[in-house]
Amino acid sequence: MPPLFPEQASTMAGRVDALYFFLIGLAVFFSLLIAGLIVYFAVKFHRRDPNATGARIHGGMALEVTWTVVPLLITMVIFVWGSSVYFAIAHPPDDTLNIYVVGKQWMWKFQHLDGQREINELHVPVGRPVKIIATSEDVIHDFFVPAFRVKADVLPGRYVSVWFQPTKPGRYHLFCAEYCGTRHSGMIGEIVVMDPNEYEAWLTGGSGEGSLASAGGKLFADLACNTCHRPDAQGRGPVLDGLFGRQVALQDGSTLTADEAYIRESILTPSAKIVAGFQPIMPTFQGLVTEEQLLELIEYVKSLKSQTEQPTARPVPANGPAPGENTPVKK
Amino acid sequence: MSSTVLTPPHHYLNDGIGVKSWLLTRDHKRIALLYLAGVTFFFFVGGAMATLIRLELVTPVGDLVSDETYNKLFTMHGVIMVFFFLIPAIPAVLGNFLVPIMIGAKDLAFPKLNLASWYIYMIGGLFTMYAIVAGGLDTGWTFYTPFSTVSSTSNVVPAALGIFITGFSSILTGLNFIVTIHRMRAPGMTWFRMPLFLWSTYATSLINVLGTPVIAITILLVAAERVFHFGFFDPRVGGDPVLFQHLFWFYSHPAVYIMVLPAMGVVSELVAAGCRKPVFGYAFVAFASLAIAVLGFLVWGHHLFVAGESVYSAMIFSILSFLVAIPSAVKVFNWTATMYKGSVSWETPMLYAYGFIGLFTIGGLTGLFLAAIGVDVHVTDTYFVIAHFHYIMVGGTIMGYLGGLHFWWPKISGRLYNEGLAKIAAGIVFIGFNLTFFPQFILGYLGMPRRYHAYPPEFQVLNVLSSAGASILAVGYLLPMVYLMWSLRYGRLASSNPWGAVGLEWMTTSPPPTENFTETPVVTWDAYEYPARVETHVA
Chain A
2 MPPLFPEQAS TMAGRVDALY FFLIGLAVFF SLLIAGLIVY FAVKFHRRDP NATGARIHGG
62 MALEVTWTVV PLLITMVIFV WGSSVYFAIA HPPDDTLNIY VVGKQWMWKF QHLDGQREIN
122 ELHVPVGRPV KIIATSEDVI HDFFVPAFRV KADVLPGRYV SVWFQPTKPG RYHLFCAEYC
182 GTRHSGMIGE IVVMDPNEYE AWLTGGSGEG SLASAGGKLF ADLACNTCHR PDAQGRGPVL
242 DGLFGRQVAL QDGSTLTADE AYIRESILTP SAKIVAGFQP IMPTFQGLVT EEQLLELIEY
302 VKSLKSQTEQ PTARPVPANG PAPGENTPVK K
Chain B
70 MSSTVLTPPH HYLNDGIGVK SWLLTRDHKR IALLYLAGVT FFFFVGGAMA TLIRLELVTP
130 VGDLVSDETY NKLFTMHGVI MVFFFLIPAI PAVLGNFLVP IMIGAKDLAF PKLNLASWYI
190 YMIGGLFTMY AIVAGGLDTG WTFYTPFSTV SSTSNVVPAA LGIFITGFSS ILTGLNFIVT
250 IHRMRAPGMT WFRMPLFLWS TYATSLINVL GTPVIAITIL LVAAERVFHF GFFDPRVGGD
310 PVLFQHLFWF YSHPAVYIMV LPAMGVVSEL VAAGCRKPVF GYAFVAFASL AIAVLGFLVW
370 GHHLFVAGES VYSAMIFSIL SFLVAIPSAV KVFNWTATMY KGSVSWETPM LYAYGFIGLF
430 TIGGLTGLFL AAIGVDVHVT DTYFVIAHFH YIMVGGTIMG YLGGLHFWWP KISGRLYNEG
490 LAKIAAGIVF IGFNLTFFPQ FILGYLGMPR RYHAYPPEFQ VLNVLSSAGA SILAVGYLLP
550 MVYLMWSLRY GRLASSNPWG AVGLEWMTTS PPPTENFTET PVVTWDAYEY PARVETHVA
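Chains as they are written, first to last, in the numbering used here: chain A, 2 to 332; chain B, 70 to 608.
By construction, these hints were calculated from the structure, which means they are not laboratory data.
Treat the hints with care, since some could be wrong.
Stated by the list, open to error - So the derived list for chain B, only partly shown, Cβ under 8 Å to chain A, looks like this:
id: 1; residue: Lys181
id: 2; residue: Phe402
id: 3; residue: Gly427
Because the structure is a prediction, the values reported are computed rather than measured.
The C-beta atom is built at its ideal place from N, Cα and C for all residues, glycine as well.
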């Protein structure tokens, strides 16, 4: 006997399935109603005399109103229910474990904040909300984990996030659900949900490359970003400390909230949004940094706490440069 | 239902013989038959591709064809079935034949334009066939960017041109129908005396005229970005890949109604004649067609629920999608109510009508799953969607098309087909269809993504069921092809009104004369007024 129903392995699965079962009930009820009426009428009113005609009934207002209003009310119930589930899917809690993923033809490349990298396999702890921040190197992909009932298109040039809270240790299918070319059906992987202890053990047994933010800090220096973006407000570029999540006033008078997409754009197309009080002198880094390096830089900027929160002039990345790497001096 | 039947000495089929008399005809009935040849050809090409797809999916590993070939198969299956079969089938074949006759006119408003539409359709088809023969197309029928513009190495441009060109045939046919229905109704044929097939054809034509230019421009932008590397959709040069999806679905969602509204019109005719009774709630069914045409333009965003759409725009598109379900539900209830106290026939056309109502109901109800955003996130881009739209397009449109083809076949050909075989074929189609597509709902909820050449082994049993169903369905589609062709030569002659139905088309000979009626009819009665009037034609 093949499985007829997918495993429920996230906090969202039960909520999605509840609405799904309600909809199945509704669909079965109305299908049987219509099919039953058709069969009943077809038998009861079957034409026996070849010259017979039907009764001259043209319609009935009461019936028309009923079968317009009742379906309308039912669909509005589904609408509200469906939207509330969607709200929960769209809004991650605050305390998520963040993991980056870059999709490319035809693989998933994961980057953990602590520095571990994985391909087509993602280890996460059970019971903790996880937020996947995803982008694509080439075409549109889609991050789909049926057991978690979550799915999001992974778009080139944008960051999309998708979150889930696994409830059961195990291995679950990860599918690319947006057609992406020749080996689309091979762009699959597994989410490995582990007990928290095992997960900690897995984390510490990692590659030892240093955290994502520290890799970003090194790159920040390698690319000489720090010559202009200085923590002391004396540089030619804006101070980045405490930037992430803050309101930024732009030269054209508008403001925006600094998020991953803004930082990405400011690295690749610096002239698109000029911060008030600065000159458009920054060169583009398009083609000089990969999607993965962009994520490191973003994570580094995120790690720069504002001066008031953290009195040190230059926050040192938590783990420092990886052993054996060159000192980040490039002038 | 006269006992002795004679073929009229002069009718549109013998008014001029030879290839030239067909290829240069301006008679809407002959053009309908040219279209019939065209759509039948494309239906079997698209069907052959579907057969290979289902054969490949019998086993979880990709073993019958390569992944590249598989991707081309589902792409070309979609392109051919959507643009060269489903969209033109009912309007261009049955609509062309019936619109002038049903309103008591001699022809469409622009007969030469009508012939030009067929040539444009065939030229578009030629480009697309060239794209296949020259190596195929692997973008999916949806042409999603940036894959189609920067990544795919297949024949995007010829296929895009084919669709672009064919679009003009839809626009011109739509225009022709709108003008004809406005300007050429016989004396006494008021709007509310028109058969419901004309209301749905009219609504379809509005979508064709208003929507098709959008897909034409969109597909041109894809070709332009591919050739000249403009940054419309490619984010690396400042484009937005999701913009394409908005433009594409702005046409392609209404296109679903281009495919299904004409079938709904056919079913209204089949149910009225099959019950010898007016359609219950005529005005509600008529306005439901228009409501679907208008609301259908406002729901495209429900294809983008997981494509980075904001929560609030998703909610707006969700509620609008629920609203467009209401007029469809109203139609289903009205058709069912029409059967009450009818003189209900079990003949082949009515069997297809039963099939349509049942399958369309399931297709429509599963649409609610997709409009409910929280559930859509899980089922979109899976086999659930495949099953849903095949219930609408194959269970709906093709059932309507086949039902209509059987119903009007005696009028079109002047011959009767073998009723026993036709009933068996209708049963085979119904069983084969459900066995093919019902398992796909379950597969989709299990999480099997669409467009997968290989899949995890736990999905195999349901895929085998689906493929078994497809082989039954194929037989169901080949049978009518055989016995309808056979009837052309050996079928019994049809009387002018073999079903005892009302409607102007049943008041002229089978087949009708070139000018449709020997004298212009004067209409003094509402649609579907039974018992049928005395036949007024002069043979």
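The hints, checked one at a time:
Interface hint status for Lys181/B: violated, as the beta-carbon distance to the closest one in chain A is roughly 40 Å, over 8 Å. Proximity of Phe402/B to chain A holds as hinted, the smallest CB-CB distance being about 4 Å (cut-off 8 Å). With a cut of 8 Å, the hint placing Gly427/B at the interface with chain A holds, because the nearest CB-to-CB distance is about 6 Å.
Taken one by one, the earlier hints fail for this structure only at number 1.
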